[in-house]
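Residue numbers (our numbering), protein chains in the order written: chain A, 2 to 174; chain B, 2 to 174; chain C, 2 to 174; chain D, 2 to 174.
I should point out that these hints are in silico values taken from the structure, not numbers from a laboratory. Just to be clear, a hint being listed does not mean it is correct.
Identical chains share a label here; the pair holds if one copy fits it or two copies do between them.
In silico DSS-like links for lysine-lysine, alpha-carbon gap of 27 Å or less [claimed, not checked]:
#1 LYS59 with LYS44
#2 LYS44 with LYS22
#3 LYS44 with LYS74
#4 LYS61 with LYS124
#5 LYS74 with LYS22
#6 LYS44 with LYS58
#7 LYS61 with LYS44
#8 LYS74 with LYS12
#9 LYS17 with LYS44
Protein chains: 4
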Amino acid sequence: MKFILYSPRRKKLIQKIKKIKLIVFDFDGVFTNNFVYVFEDGKEAVRCSRAEGLGLKKIKDLGIKVLILSTEKNPVVTRRAEKLEILCIQGCNNKADELINFIRRNSISLEEVAYVGNDINDKPCLEIVALPIIVNDAHPDIRVNAVFQTRARGGEGAVREICDLFEKILLTK
Amino acid sequence: MKFILYSPRRKKLIQKIKKIKLIVFDFDGVFTNNFVYVFEDGKEAVRCSRAEGLGLKKIKDLGIKVLILSTEKNPVVTRRAEKLEILCIQGCNNKADELINFIRRNSISLEEVAYVGNDINDKPCLEIVALPIIVNDAHPDIRVNAVFQTRARGGEGAVREICDLFEKILLTK
Amino acid sequence: MKFILYSPRRKKLIQKIKKIKLIVFDFDGVFTNNFVYVFEDGKEAVRCSRAEGLGLKKIKDLGIKVLILSTEKNPVVTRRAEKLEILCIQGCNNKADELINFIRRNSISLEEVAYVGNDINDKPCLEIVALPIIVNDAHPDIRVNAVFQTRARGGEGAVREICDLFEKILLTK
Amino acid sequence: MKFILYSPRRKKLIQKIKKIKLIVFDFDGVFTNNFVYVFEDGKEAVRCSRAEGLGLKKIKDLGIKVLILSTEKNPVVTRRAEKLEILCIQGCNNKADELINFIRRNSISLEEVAYVGNDINDKPCLEIVALPIIVNDAHPDIRVNAVFQTRARGGEGAVREICDLFEKILLTK
Numbered sequence: 002m003k004f005i006l007y008s009p010r011r012k013k014l015i016q017k018i019k020k021i022k023l024i025v026f027d028f029d030g031v032f033t034n035n036f037v038y039v040f041e042d043g044k045e046a047v048r049c050s051r052a053e054g055l056g057l058k059k060i061k062d063l064g065i066k067v068l069i070l071s072t073e074k075n076p077v078v079t080r081r082a083e084k085l086e087i088l089c090i091q092g093c094n095n096k097a098d099e100l101i102n103f104i105r106r107n108s109i110s111l112e113e114v115a116y117v118g119n120d121i122n123d124k125p126c127l128e129i130v131a132l133p134i135i136v137n138d139a140h141p142d143i144r145v146n147a148v149f150q151t152r153a154r155g156g157e158g159a160v161r162e163i164c165d166l167f168e169k170i171l172l173t174k
Numbered sequence: 002m003k004f005i006l007y008s009p010r011r012k013k014l015i016q017k018i019k020k021i022k023l024i025v026f027d028f029d030g031v032f033t034n035n036f037v038y039v040f041e042d043g044k045e046a047v048r049c050s051r052a053e054g055l056g057l058k059k060i061k062d063l064g065i066k067v068l069i070l071s072t073e074k075n076p077v078v079t080r081r082a083e084k085l086e087i088l089c090i091q092g093c094n095n096k097a098d099e100l101i102n103f104i105r106r107n108s109i110s111l112e113e114v115a116y117v118g119n120d121i122n123d124k125p126c127l128e129i130v131a132l133p134i135i136v137n138d139a140h141p142d143i144r145v146n147a148v149f150q151t152r153a154r155g156g157e158g159a160v161r162e163i164c165d166l167f168e169k170i171l172l173t174k
Numbered sequence: 002m003k004f005i006l007y008s009p010r011r012k013k014l015i016q017k018i019k020k021i022k023l024i025v026f027d028f029d030g031v032f033t034n035n036f037v038y039v040f041e042d043g044k045e046a047v048r049c050s051r052a053e054g055l056g057l058k059k060i061k062d063l064g065i066k067v068l069i070l071s072t073e074k075n076p077v078v079t080r081r082a083e084k085l086e087i088l089c090i091q092g093c094n095n096k097a098d099e100l101i102n103f104i105r106r107n108s109i110s111l112e113e114v115a116y117v118g119n120d121i122n123d124k125p126c127l128e129i130v131a132l133p134i135i136v137n138d139a140h141p142d143i144r145v146n147a148v149f150q151t152r153a154r155g156g157e158g159a160v161r162e163i164c165d166l167f168e169k170i171l172l173t174k
Numbered sequence: 002m003k004f005i006l007y008s009p010r011r012k013k014l015i016q017k018i019k020k021i022k023l024i025v026f027d028f029d030g031v032f033t034n035n036f037v038y039v040f041e042d043g044k045e046a047v048r049c050s051r052a053e054g055l056g057l058k059k060i061k062d063l064g065i066k067v068l069i070l071s072t073e074k075n076p077v078v079t080r081r082a083e084k085l086e087i088l089c090i091q092g093c094n095n096k097a098d099e100l101i102n103f104i105r106r107n108s109i110s111l112e113e114v115a116y117v118g119n120d121i122n123d124k125p126c127l128e129i130v131a132l133p134i135i136v137n138d139a140h141p142d143i144r145v146n147a148v149f150q151t152r153a154r155g156g157e158g159a160v161r162e163i164c165d166l167f168e169k170i171l172l173t174k
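With the rest of the complex left out, here is chain A:
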């Protein structure tokens, strides 16, 4: 993965990344391809990528906190978060309020937060954090809010791509 350091936009992105202490991820459409498998008994399943585990481990080893923030309360999110050993807040009607509460409790400022989303319910969070990130196939209405857009689509390596980017930046110089 080559990385051009010259453009002012890249330079700004690097400066922002270096300050980040917490990355907050939406779940559906970010950790997954935004699809849900529906069974006859109403149970659900989602498709996640095995690539995320290695990426998130690297990020946590670098001292960055990771949080999943999901509107819907769903056991699959709990299970995935448990396996990846990351924090998870679910069932929040107002994601921005929840995010602000969380960073206050953890003495983190909005200048130190990156948020990764894919749809219009992520807009309030994308608007307040220092580093708003969207996946490649995010809804058009939130594209204006993003500082960085992943090359990978949601659920198809987007989380890993972000982790790899952070690692390259933080381990350089």
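Since the structure of chain A is provided, determine the placement of chains B, C and D on it from the hints.
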């Protein structure tokens, strides 16, 4: 999402959309990619998009009724409709008859109905409603029946695309 | 679906199709995309297309017999065949022998049989029938054996494409 | 599948293949597309290809040993290995150590081993074997380690492609 208002075809579409009080969706191939997961015990699962929920909510908030009309009687359809909180009629051999009965009971005229389908068993419904819509990967034999074809394939954002289109039209001017 | 009648190759295909009384389908890679979902308890699931049902119904209404012939004995094949209401022979080490036994019992000659396959274990059957068909993503080693190759990949509409082709030919003049 | 014998690189690959007595496969991302289906009870499923069975059988018939070596301990790997009738070592923190122990017990030298991987935790194994292979969508950071990269993506025929390649080489001349 840019939206060009000039073409006569677009103008006609906008006029039709403004009159719609009910959108009827086929399920398989519209809410799903027309695939079914078959298990050893004969149970089935389907793949739906999380993007639909936010779109359907917007449509319902605008006062438009939403109905799923499916030939096959299948628990997965029931479960998905329950979760999305939309009406659902299943196990109907004659979809056009069922549609006409439904609109009579609800005092809606065919001029106020949009129908979204993907295969030849949707033809009778597409032929009678004011706004017949097909998904991008609909069967070639029903393409002549459509006034609008989604850019998205069935189950891959087609329902959300329709909801977003209705929202843009109805909130404009 | 446009259909050009002029080429000698097309003419030969049409002549062959008009004589067919039985279409034999391999299951994995033809009715499915050749993938299998493996669960923790060893149970399996496969992905089929809802488009097949309407196609197979048309074929059967035209008086053509349909048979699934699968090397592996697997409950998912049984369940899918039951739902589609088609005959199914599974767990046969020698598919060509099984095919010959079946047509003898049903007084059908090899000149009246089409066979649809995707991999090298279909080779013996493809070599003996009048109309050997392969799906678009069949293994390269059986491409020489085919008279017709579907535009669709296995499990992604290949069965429907074949049914539609038969219908167009048999209903024309 | 045409096979050009002229390039020095191809010649070297052929020489390496002719010496191989053991092919070691990573599981996730090689036998699968690196995705995992997560259920509400935390259970998991993966998607494998039916094409692998015929390929692995050919390889084993040619006298080559096959081993799956997976970092994570997961019942789906056990089930798939059982069905494919291949050896499987799971839950190993250090894959290179495990690989070396295995070949010592089986009197195989590293010169006789091919390893197929897709991510950075495969790097130590790829670095020590005679024939390091990666799948088409392997992580960029291990591309330098590979002598051969499959045309197929992981889980989409990569294992079969390798088996077919070995068969062509070993049955030629």
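We went through each hint and held it up to the structure:
Proximity of LYS59 and LYS44 under a CA criterion of 27 Å is satisfied inter-copy only: 25 Å between copies versus 33 Å inside one chain copy. Neither within a single protomer nor between protomers do LYS44 and LYS22 lie at most 27 Å apart by alpha-carbon distance, with minima of 36 Å and 32 Å respectively. Taking identical chains as interchangeable, the C-alpha atoms of LYS44 and LYS74 lie at most 27 Å apart whether they share a chain (13 Å) or sit on different chains (18 Å). For the homomeric pair LYS61 and LYS124, the shortest alpha-carbon distances inside one copy (26 Å) and between copies (21 Å) are both at most 27 Å.
Taking identical chains as interchangeable, the C-alpha atoms of LYS74 and LYS22 lie at most 27 Å apart only when both belong to the same chain, with a minimum of 26 Å there against 32 Å between chains. For a Cα distance limit of 27 Å, the shortest separation of LYS44 from LYS58 across copies, 22 Å, qualifies, whereas the shortest one inside one copy, 30 Å, does not. In this homomeric assembly, LYS61 and LYS44 come within 27 Å of each other (Cα to Cα) only across copies, at 25 Å, whereas the closest approach inside a single copy is 32 Å. Proximity of LYS74 to LYS12 under the C-alpha cut-off of 27 Å is found in neither arrangement, the shortest distances being 38 Å within a copy and 42 Å between copies.
Taking CA atoms no more than 27 Å apart as the test, LYS17 paired with LYS44 passes in neither setting, with 40 Å inside one copy and 38 Å between copies.
Comparing the model with each earlier hint shows violations of hints 2, 8, 9; every other hint is respected.
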